[in-house]
Amino acid sequence: MAPHHTAPLSQVPSDLADRTDPADPAALSAPRAPAGPSPAVERFVEVSVRLTGFDAFDLHATGLAALYRATALDQVGPEAFERFLAELAAVGGDPGRLEGETSRDIARALAHLWYLGVWPQLARSVHTALGREKANVPFTVSPEAYTEGLVWRTFHGHPAGAKAPGFGTWSEPPPGAPPVPRPAAPGRPVAGPGKEREEETAGDAV
Amino acid sequence: MSTSPRAGGQPTGGHRTGTPHLRRYDVIVVGAGLSGTLVAKRLGDQGWRVLVLEAGTRTLDTWPGHLDAMNTYYAASAKVPNSPYRANTAAPSPDVLDLVGLPGGGFRANGYLVQNGALPYGSDYLRANGGTVMHWLGLTPRMHPEDFAVRRTFGYGRDWPIGYADLEGHYRAAERELGVAGDAQEQSEAIGLPFPEGYVYPMHRIPRSYIDDVVAAKLDGVPVRESPDAAETTLRVVTTPHARNSVPDARYDGGRGYRPVGAAGLPNYGERCVGNASCVPICPVQAKYNPLKTQATWDSRVTLVTKAVVSRVLADGNGRALGVEYQAYDDPAAPVHTTHTAEADIVVLAAHAIENARLLLVSRLAGHSGQVGRNLMDHPVLLTWGLMRHPVGPFRGPASTSGVESFRTGPARRRRAPFRIEIANWGWSWPASSPGSDVARLLGITGDSGQPRGRGVFGEELRRALGEGIGRQFSLQFELEQEAESRNRVTVDPRHRDRLGNPRPVITYDLSDRLKRGLAAAKAVSDRIFGLLEAEDHTAYGPGPFSPGYFRFEGQDLSFNGAGHGAGTHVMGDSRDSSVVDHWQRCWDHPNLYAVGCGSMPSIGTSNPSLTMAALALRSSEQIHRELTGLHRPVTVRTGGGTGAGDLSPHVPGPAPSPAPARGPSPHSHPHQEVRP
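Chains A and S, in that order, give the protein sequences.
Quick note: the first sequence uses our numbering, first residue 1, plus one each step.
Quick note: the second sequence uses our numbering, first residue 1, plus one each step.
FYI, nobody ran anything at the bench for these hints, they're computed from the structure.
This one's a predicted model, so the numbers in the text were calculated from it and none came from an experiment.
Note that the Cβ used here is the ideal one computed from N, Cα and C, for glycine as well.
Where hints are given, some of them may not hold.
Covered by chain S, according to a simulated footprint, are these stretches of chain A (three or more residues, beta-carbon under 8 Å) [said to hold, decoys possible]:
| # | region |
| --- | --- |
| 1 | 127-139 |
| 2 | 148-154 |
Quick partial rundown of chain A residues pointing at chain S, CB under 8 Å, derived from the structure [claimed, not checked]:
| # | residue |
| --- | --- |
| 3 | A56 |
| 4 | F57 |
| 5 | A61 |
| 6 | A70 |
| 7 | L73 |
| 8 | R83 |
| 9 | A90 |
| 10 | G92 |
| 11 | G100 |
| 12 | D105 |
| 13 | A107 |
| 14 | G161 |
| 15 | A162 |
| 16 | E172 |
| 17 | G176 |
| 18 | V180 |
Bound-form chain S, shown alone:
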């Protein structure tokens, strides 16, 4: 291993990149996505030597790399979430285009994920520096307090070992770290979220879209029933909190205010959302939070090594994690790898719910409860779409700026999955691939080139028809809560491997009947809303290549999409017999091995999960810091005691009382004990 960073320049942060420069680290973080980046940030700031191993490339963390991703996106035929990010055969990512619906229903899964379930797991993720959050939408609703106890309260799914109150402070910390714009008072009134008195978000809420106002004018205060025998639910359009730069709120932080964080790699840029309307898959100005912004503030004790695919977590016979084995490669197009090991006192898996589970399974770790890989969840999304009576200005602003939150909570959860309704600002882009499909349709171009084509319209007629149609496009996105079910799972199968020989995830996925009832209820609510809006409903579900999520339920055609919210695969609980991690996201079976991210969540409510994931990562960072501090004070206990018996290295870990033998710029300039927050 080299002792100095590889040539090729440093990103904007103070951290190192290239190859590991130490024999041993305090912490190894596997994955440089949202969770891993936050854990590395906190622990680096506290003086710990952190090695971050990222399977993908780091082409995105320079401004030229970002511009290359923009051009890749512009040129992509299908502008799906992963479209700006280049394919990597050494660390392949699933893609939503991998799924193809079959003519008579059912689906076929090509690509990285092997699927053998009744229904498709319809979400992708991204293995590259920054992770899947590079293409998130950026919505940051908190979970509702009742979401944490669905088993106790409503009799389904799994409960968290902690509650909203335990996480509230970390929600605020995450809202600072990600830079959230929102209206806390509105969240409190409309949804019932508890906040500390006087709390405001770092920035004022993102302005509502004209579409939001049109919908609110017709819906606010109107009671609807999702079925004739159901209780009334009052509709209300509520602004959504975003991790997107808006106008800073001078009242934030006791009047200290907030300074928006701009683009990574280009100073004084992206400090306000300018309405590019492409948050997914890429924000051109980086006004939307991404982990590269946090990485730009990483301490010099953090070393980022990309193109390092962790293939195994190493542990001794007592269950103590020793480090990881990883495969380094140079060329993502033609991977040839070399195998290395890295050692640390604590290992943190932060590689995505599915990848974390895959690594635990491959390493044969954390298996006592039998829950590793199980309880795979996502937010199945029901799309409905139609035409409004007048132009509404679609394809402007962030993808969604408001929603209807009335169906997220309450006793109806006993019989059907709850849902959150996002009012879409981007027309039929998701349900129908507009505006491309509109152009093709009017020109008579069919999806199947073997079919006869329509005559098509041209010239002014074409221009007018497109303007009149697209300008009135409207759609709703219903995000349903999926409950933890042990049958929905990730496994590995030695017969299915990727180019580096690592077993690919095998997914078994289905929707429960209560979830299907929720989808049917969502459709009923959509029908009512379209009626109130006097909109022309164009929603139609049927089998076909673009509907891999099509199914029939109680005589009704339905179809769902993935939300990109994979969760549950290393589920958190209060017993080592029934869960994989404890409430610190620490593996029950391995006291110095953490698995962080959405995979720890026992339930995911109806809120987009990234904020909750960030809050959990910040919370775990505190515990990791405490454990490292304990391990290292006094150092002689560690070296003389039995706990280090399995160490691969004679190197004395942690802050040395005297100048350290370790190489590096300043690994010991701040003794850890002095930086306790």
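Chain A with its partners taken away, still in its complex shape:
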């Protein structure tokens, strides 16, 4: 996967929102500079690297970094989101050391979002503490968010229903698995009663 070569992030529409000032309508029609993601998205990806264990290249390559950041901002509000970033910075960027339950639940939610494309239900106490006025229900952020979920890559898989690996690939050992003897597929026609069975005539299906 090398989307940087084929589709610069500057052309990814979902990135647009973070490079334009919503207060400035002229920015929407202004010629787009062939720049990378906005500093805010870059910062979000840096944090996400620590949350997910995937590097920045992998995260940018999903094409969803800006959408995920916008989702988080929308779900918890800018204040809680900035507080989360600040608290995370204060513990050296290691989400495992976050102590505040609100920031910790935001960390859980963001990792969940990256791995599955689904914004999860927040802890009820956090939902209350944030004073959220939206329903505390999980949702898939977009159809692409599901197919770009990182979880499939943890075991060298592909998202169920997308990025199909090809006919018969499921027969091969996955990385790290030993080969096992495979009985030869017979592929013989049904023999009649009392007749010697014919030997293989045609190739196996695999």
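Put chain S on the given structure of chain A with help from the hints.
Just chain S now, kept in the frame of chain A:
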């Protein structure tokens, strides 16, 4: 009624869509699922004018509609079988998410089906063009010969009035129609299925998964006992036949070979399975058979009218079906309907076992035997799951490519239900909603948001833990035969109605003790298999919201799921006093009313039933053709005789000797008598 198809385009087939264009048809088919589609295909090809009335929408039979379903599936929170298909309040479908287990055991049923049984009927179905087979797995094992005579042979359930030999030719016809990939010789040797000499399936078998090979290396040839006093059973991993595109077998059909049928609505696509690993709920490339592929070859004499909910079958005082009453609506979200009638010489109900029974009950038809709605069956599924010692590559390929068939047959059936073991290729997706649940668990996210959450792990530790765990996930699915019991039934209750005012199905369901013994035996066999595999068993059954099928039996915790294989509700038999339909799936009480589908089956063995259902539909099509031919030759007998006394229409049915008064493109270009196969 309009005389021309509604604007909005035609699907790929030659058939019409929109509104009925004739006053009267030769055949009305209720339901455009697998059975109805096959019946319409056969009869249309033979020159009969067929009206297919489908309660749901037909958004799926165009490629943009298919892509919309894909996106709906991607975005669904729970990727259950009905998740790609949009809800329809005019023709509601049951959903597996309707069932919720209670903290202390027991269950609550929300949604379309009203349930009042001791245990839940755990299966869904889909009311949309293409039917439930849109989200089937696509496995096509045949029933075993001994499955047809369980009462005579083993003393339980009900027997078929026909046997395997009567159906064998239709099994082959169904395997052609659905496009089956398999190894007939292996099926013959390992299971004892009789095939004609030299038979091969249309396509070579679907390649076995790596998981299959790992299991086979440890299990093949090993004898096990399901209990200390039981006889030994030898394990063997056997490839499963699929209605899924594989490599065509050049030897098929006497050397004529087979051309795989690709996607409906997109040419030259889907002619090979590419391993999307989402057969249930939707095959992205449509390499798996669905009825839309057959509909694409429907003759122009077939008219498909969707968003037409049949509310009643109309019959005269002599028991002759006259036609149907149906409710047409435009918007599935805010249904307002108009009521219409359609007439035909023969009416075929093909609306699903539960819907067929519901329609017969609402119409107060076929009631002589008292069996309508009774004998409801499914394949209760026991899931077991664990971790293998090394990565096995789960979530790849079709959901199951092989199984263990050794427990399907034999004298043990006298005391406990037999079962078929599917080796699952998709990890813990069914038993534990993996991989989503694995992510949530490692992050400390509990199912109940009110409970304190774990601290969770992040970063590389999270990534590594997920990879190591999910990559070793393994599970087995035991499909048990449920026997016909008259107490398991569908009824209707005027107090429970849907948005269009149609009575909803009321389900009373339970498992017999012999079935519970089968589940316990299956668990014992699972324990042995996990031991042989040296797998870490994680199977656990207990009450809770996600275990509506939990129960205790003889001190043991067990839990079952539905397989989506509803059957038995208009049971077939050899006497009008004890069964609803005869062996042609024709109602004993109504000679021109057929009820086709799994609802006709007196027993369902341990095989996934769609292939058998398709074989039955093809067989019934032959009889319907014969009856129509008889009715229409010569036409003067029909118009002058008494049998047509109850007709609502003066229209002379059938092929007219001269240019017909009926409107339509070419309803009579092929006189029926000339197309007798």
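Structure-based check of all given hints:
1. Remark: the region 127-139 of chain A is confirmed as covered by chain S, as 4 of its residues place a Cβ nearer than 8 Å to a Cβ of that chain, reaching the required three.
2. Under a criterion of three residues with beta carbons nearer than 8 Å to beta carbons of chain S, the stated coverage of the region 148-154 of chain A is upheld, 4 such residues being counted.
3. Interface hint at A56/A: violated, since its Cβ lies 13 Å from the closest Cβ of chain S, which is beyond the 8 Å cut-off.
4. Residue-level restraint check for F57/A is violated (minimum Cβ-Cβ distance to chain S is 15 Å; threshold 8 Å).
5. With its C-beta approaching chain S no nearer than about 16 Å, A61/A sits outside the 8 Å limit, and its interface hint is violated.
6. Restraint check, A70/A versus chain S: the minimum CB separation of about 17 Å is more than 8 Å; hint violated.
7. Against a cut-off of 8 Å between C-beta atoms, the interface hint on L73/A is violated, since the closest Cβ of chain S lies about 20 Å away.
8. Interface hint at R83/A: violated, since its Cβ lies 18 Å from the closest Cβ of chain S, which is beyond the 8 Å cut-off.
9. Given the 8 Å rule on beta carbons, the hint for A90/A is violated: about 16 Å separates it from the nearest Cβ of chain S.
10. A distance limit of 8 Å between C-beta atoms decides the matter here; for G92/A the minimum to chain S is near 12 Å, and the interface restraint is violated.
11. For G100/A, the suggested interface contact is broken, since its CB lies about 12 Å from the closest CB of chain S, more than 8 Å.
12. The beta carbon of D105/A comes within 7 Å of a beta carbon in chain S, closer than 8 Å, and the hint placing it at the interface holds.
13. With a cut of 8 Å, the hint placing A107/A at the interface with chain S holds, because the nearest CB-to-CB distance is about 6 Å.
14. Annotation: interface hint on G161/A holds; nearest CB of chain S at approximately 3 Å, less than 8 Å.
15. Taking 8 Å as the C-beta contact cut-off toward chain S, the hint placing A162/A at the interface holds, the least distance being around 7 Å.
16. Among the interface hints, the one on E172/A holds; its C-beta lies about 6 Å from the nearest C-beta in chain S, closer than the 8 Å criterion.
17. At its closest, the beta carbon of G176/A sits 5 Å from a beta carbon of chain S; the interface hint therefore holds under the 8 Å criterion.
18. Because the closest C-beta pair between V180/A and chain S is about 5 Å apart, less than 8 Å, the hint holds.
In terms of the numbered hints stated before, the structure departs from hints 3, 4, 5, 6, 7, 8, 9, 10 and 11, listed from lowest to highest.
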